[in-house]
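Peer 1: Working from the sequences, and respecting the hints, build out all of it.
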Amino acid sequence: DSQVNMSGGVIVVAMKASDNSQVSISGGAILGDIYAGTNSNDGSTITFAGSNFRINGTSVGYGEYDTMGRDSVHATLTGTLANDEPVDNEFYIYGSSSIVLVPDPVVPDPYCTWPIVGDVSKDCRVDIVDLAMIAANWMTCNLEPQSACWE
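Quick note on the numbering used here: the sequence shown kicks off at 3 and runs consecutively.
Don't read these hints as lab results, they were simulated from the structure.
Glycine is no exception: its CB is placed at the ideal position from the N, C-alpha and C atoms.
A few of these clues could be false.
Claimed, not checked - In silico lysine to aspartate or glutamate, EDC-like type, Cα no more than 20 Å apart, as pairs:
| no. | residue 1 | residue 2 |
| --- | --- | --- |
| 1 | Lys18 | Asp35 |
| 2 | Lys18 | Asp73 |
| 3 | Lys124 | Asp90 |
| 4 | Lys18 | Glu66 |
| 5 | Lys124 | Asp68 |
| 6 | Lys18 | Asp90 |
As the list claims (entries may be wrong) - DEER-style ranges, computed between Cβ atoms:
| no. | residue 1 | residue 2 | range |
| --- | --- | --- | --- |
| 7 | Ser61 | Ser9 | 19 to 29 Å |
| 8 | Asn7 | Arg127 | 25 to 35 Å |
| 9 | Cys126 | His76 | 47 to 57 Å |
Peer 2: So, in structure tokens, the structure goes:
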């Protein structure tokens, strides 16, 4: 019943998820075969985040792949992980285990929730840029008549 997240590094030998483990892979390299489950009672899941996935050379959509009623499945998974590293591995699925393919995580564009007092540059933060803009105009006055500036 382990939970593992892999976003980088290298697994030199086979990677096995067993005993109902949950593994998420978004980067790194696995140099050996990949095993989802090791017996008919296993319900492990390995999730790959990435794009351009193919199973045995055939383009596949995102979703869950299991044994489809058989005792086991053996195939080759290729594609690109979320960190742009390639995946090209033999995989095995046993029992009620599965492999899940999901798209790259979407990172939303930042946006400003509300204006901030002092944000002269209008970039939704008050920082050294704003201070420099204020300092550049320090003691400047556009009142008419000019004598009103110093009253």
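Peer 1: For each hint, tell me whether it holds in the structure or not.
Peer 2: Hint by hint, here is what the structure shows:
1. A C-alpha spacing of about 8 Å is found between Lys18 and Asp35, which places the hinted pair at or below 20 Å, so the restraint holds.
2. For the proposed pair Lys18 and Asp73, the alpha carbon gap of about 17 Å is at most 20 Å, so the pair holds.
3. Taking the CA atoms of Lys124 and Asp90, the gap is about 46 Å. The hint is violated against a cut of 20 Å.
4. A threshold of 20 Å between alpha carbons decides the hint, and for Lys18 with Glu66 the separation of about 18 Å falls inside it, so the pair holds.
5. About 51 Å separates the Cα atoms of Lys124 and Asp68, which puts this hinted pair outside 20 Å; it is violated.
6. A C-alpha spacing of about 16 Å is found between Lys18 and Asp90, which places the hinted pair at or below 20 Å, so the restraint holds.
7. As the Cβ distance of Ser61 to Ser9 is approximately 25 Å, the hint placing it in 19 to 29 Å holds.
8. Asn7 and Arg127 have their C-beta atoms about 31 Å apart, which keeps the hinted 25 to 35 Å range intact.
9. Taking the beta carbon of each, Cys126 and His76 are about 52 Å apart, inside 47 to 57 Å as hinted.
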